[in-house]
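A.B. asks: The listed protein sequences correspond, in order, to chains A and B.
If you count by this note's numbering, then the first sequence holds residues 6 to 566, one letter each, in order.
If you count by this note's numbering, then the second sequence holds residues 6 to 566, one letter each, in order.
One thing to keep in mind: the hints can contain errors.
All copies of an identical chain are treated as equivalent in the list; a pair is satisfied when it fits inside any one copy or across any two copies.
[Unchecked claim] List time: in silico PhoX-like cross-link candidates among lysine-lysine, alpha-carbon distance up to 25 Å:
(1) K472 <-> K446
(2) K472 <-> K553
(3) K472 <-> K112
(4) K541 <-> K553
(5) K446 <-> K112
(6) K553 <-> K139
Bear in mind the hints are in silico, worked out from the structure with no lab data behind them.
There are 2 protein chains.
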Amino acid sequence: MLLHLVPRWSARLFGASPGWRRYTRGASARLKGLGCPRGTSSRLACTAYSTVAGSPEVMLTPERYPVERLPFSTVSEEDLAAFECIIPGRVITDPEQVQTCNVDWLKTVRGSSTVLLRPQTSEEVSQILRHCYKRNLAVNPQGGNTGMVGGSVPVFDEVILSTALMNRVISFHDVSGILVCQAGCVLEELSRYVQERDFIMPLDLGAKGSCHIGGNVATNAGGLRFLRYGSLRGTVLGLEVVLADGTILNCLTSLRKDNTGYDLKQMFIGSEGTLGVITAVSIVCPPRPKAVNVAFLGRSAGCPGFTEVLQTFRTCKGMLGEILSAFEFMDAECMQLVGQHLHLTNPVRAVTSSTQEEPSLSGDQEERGSNSESPFYVLVETSGSSAGHDAEKLTSVLEQVLNSGLVTDGTMATDQRKVQMLWALRERITEALSRDGYVFKYDLSLPVERLYDLVTDLRTRLGPRAKHVVGYGHLGDGNLHLNVTAEAFSQELLGALEPYVYAWTAEQRGSVSAEHGLGFKKKNVLGYSKPPVAVKLMQQLKAMLDPKGILNPYKTLPAQA
Amino acid sequence: MLLHLVPRWSARLFGASPGWRRYTRGASARLKGLGCPRGTSSRLACTAYSTVAGSPEVMLTPERYPVERLPFSTVSEEDLAAFECIIPGRVITDPEQVQTCNVDWLKTVRGSSTVLLRPQTSEEVSQILRHCYKRNLAVNPQGGNTGMVGGSVPVFDEVILSTALMNRVISFHDVSGILVCQAGCVLEELSRYVQERDFIMPLDLGAKGSCHIGGNVATNAGGLRFLRYGSLRGTVLGLEVVLADGTILNCLTSLRKDNTGYDLKQMFIGSEGTLGVITAVSIVCPPRPKAVNVAFLGRSAGCPGFTEVLQTFRTCKGMLGEILSAFEFMDAECMQLVGQHLHLTNPVRAVTSSTQEEPSLSGDQEERGSNSESPFYVLVETSGSSAGHDAEKLTSVLEQVLNSGLVTDGTMATDQRKVQMLWALRERITEALSRDGYVFKYDLSLPVERLYDLVTDLRTRLGPRAKHVVGYGHLGDGNLHLNVTAEAFSQELLGALEPYVYAWTAEQRGSVSAEHGLGFKKKNVLGYSKPPVAVKLMQQLKAMLDPKGILNPYKTLPAQA
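Next comes chain A alone, as it looks inside the complex:
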């Protein structure tokens, strides 16, 4: 497949169609490596932060947040000896190695654990937990350490139980697409594995290069394919979980339908390691789409903006139907940040007449559009089984949104490299933000109609106290990622943000954590989205499954009065 620069398209060609159709046929797009690294996801690996983690710039969690250590035991020499018996050579106490796993990748929280355990089997996890349970030692289960809410690192001196060496594929069924693997398999590696067998993973996210499938399940990760393939609650068919006392719960079936008793695995999906340690996952993978198209669309400055984004979404949903696989949006400040910090080029703004291979697409405002910022950008992806049919459907949509003025500029890609270039703009926003300073992150579910109002509201509210207030996310799922950057962490700015953001969300009957979970940083805001009866029931469930509370303490649930 030839490497093309991302082309820009002429509105007039759009209307007339033949040029367009010729292009889409030519790029019939049997993508060979759809899930290859996008962005710099591999940077997220825990070890990449060793220097950062070791530096004094990340405050110890209890120094920044009001939290008291619970009366767990502390790790003794005898404990270390016992661990060494269970997993010889895989008990890590070297301070520098342990330190990398004490700090979250956002560099916002830091624990003070002194021991990192790296089991390879469920049986080893079971023995470790049996010991910890008996000894009343707190345990922090850790996957790829890519969480956003401080859930994946210790708060105090919890034993870190890493799934990093539990990275074996157990089985793959090439007719049903059912994959069974250990919890520590890295999502991107699984992606590659199943793609070679003509399937894809039902989830995809920016952190794919580091995150573990067990962590994905434990946090009920949403991500970029949610719109099409739905929740892990539907695609995860079975789990193996080790309970707090070391009991192995084997629900690792590979059946699409199984109504024999209560579906216990659901309790562990999204429980953030507080109810059990997921050690293996059975998940159903969809067939690899034969054709993938990505369109990246924008509007010129001065246009009203978000209303048109919503109308574009409705148009896409109606006309693309079953082939719509993503509808992501980002605002102009996001685009500015990925340009500034990562040197990515805005494909619907730059004039590239000398390099482009295809004529440009832009609407009536082409003249001023070429030098102005779009207030919003939208990434639309289709995945389907017929390149021709899909291109035809997408062409109709693009004609429609362009002719009706919903969009003033756009570009489209069908080959793998261009698709990745466009996706990078969206996927690397998190990384660009983290380079901009300290980031206050909010991950909200809101009614789509009100999705962006909070961003503009906050810009006014915060004024110059914030460096940037940006909004982007999975519009198709009603999921806003609201991020505020500042030179450094500041209690004052935090006070201006919270509980304001949560109360605003609760007023819309939204969720204060759409897909990131509650972890350590959001555990006290659970009550904004769940009634007291529900919180009490969650606490009962926790007490039932982990009566000593040793699993990932200080996380997910608010401290009991």
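With chain A's structure known, arrange chain B on it following the hints.
C.D. replies: Quick look at chain B alone, frame taken from chain A:
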């Protein structure tokens, strides 16, 4: 749209294509009433069985099955007065009216309740349960009473708590397709309601004319759209549940993503009324497909059979991709029974040259095919957003399966009435079976490769003791409905079937209840699909949520030692 008889198609036209293509364009199939009554599902209504229920032919459950009444209180005059205070005029004690709700629609189990309560609101359900909890009265929550495993009727004298009057739509969002409604809404009525707004329900099943959405959720119903729209675990967004002690748990959110704490609603999905009474449901509905096509395919007798059915499935999955919405199979005995008891015509066998409007489709074996039985029949449905594209894809598939000899005969429908006629053949099998005598029903998940082996195995094993041994079901989900009919219930035949069928299934690591649940009749076979650790955990969950065990006792979980 004109009414056509179901056409038969010529193999030669298939190969040549123009006739076919002309037809599919003509029938561009914007179905107006896709979910209108199929079959005679309305017959399933509880009240339709009043005469049957009153007759002595249905044995009392404790007379047929070994079960002891637990030490619950019995309903007193004071209890009735208390109920009358909560729901004036809706406390039913008329023996005939109560009796219809004591018997399951299969006429296999019968309870001896003397009181039927018909609340209209969650608050009323809450007050009723608060009273029953205090008084230690057992409660049988009942929806449409269409369950297959005796879960929906009392075993002894449990108070019947019907959701029949809780049938109000609370809200519908016409952009997101999110429906919020009370638990007693009948599935078919909801279907009609959302279709008028250009959406469909994400589930569909034969009992749609009677079953309640609350019952569907409580049993985690699978059904005919599972292959395309997945499990209720993904599509149900929120629930309101009344707990055993009367506490109202409101998790009735309408968010696609909400990772705030544990997902409590999952505990109640599939819990068969044993953990709480579902009183309202929030569910996301997919947009109504613009085009629906159904192909009904068969093979002439003497052809090897099931291997080709599997290959046909693989071909459909690969070539139809995202538009494949159902892949159902039935064997020749099923076809014989729907013909014999319901007078439905086999569309791929009958010669209808005088009435047909389109030439017939059949392969090389047309001559003998016209007078012979196909060993298997397959129903393939596509649902998509472009009639033209979908027809083109289906045509290619049909050409492929016909030319390669996987299929020897077939018919196709695009208009609503023909689609319904074809679906009736599959959907009314249950009804035909119930007219054939006493039915021993098994609903199994098995590896697709072995799916039919058990049927042929049983035919040999049972010999003339069984009237019919038939297999049909949701092949696309690996879900076999295995049914054995006999003149009457017989312990000897039961002994020949069980535990043989369960052991056979367990050996394949299958599920002994794919979608029907365990209810009363299968509760003791849970151990064939779940390990002791899981069963113990289920019992702990039950004890936590319903410490007195008043909710739907004798169901789902085996009696504790």
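A.B. asks: Could you work out which earlier hints the structure fails to respect and list their numbers in ascending sequence?
C.D. replies: 2
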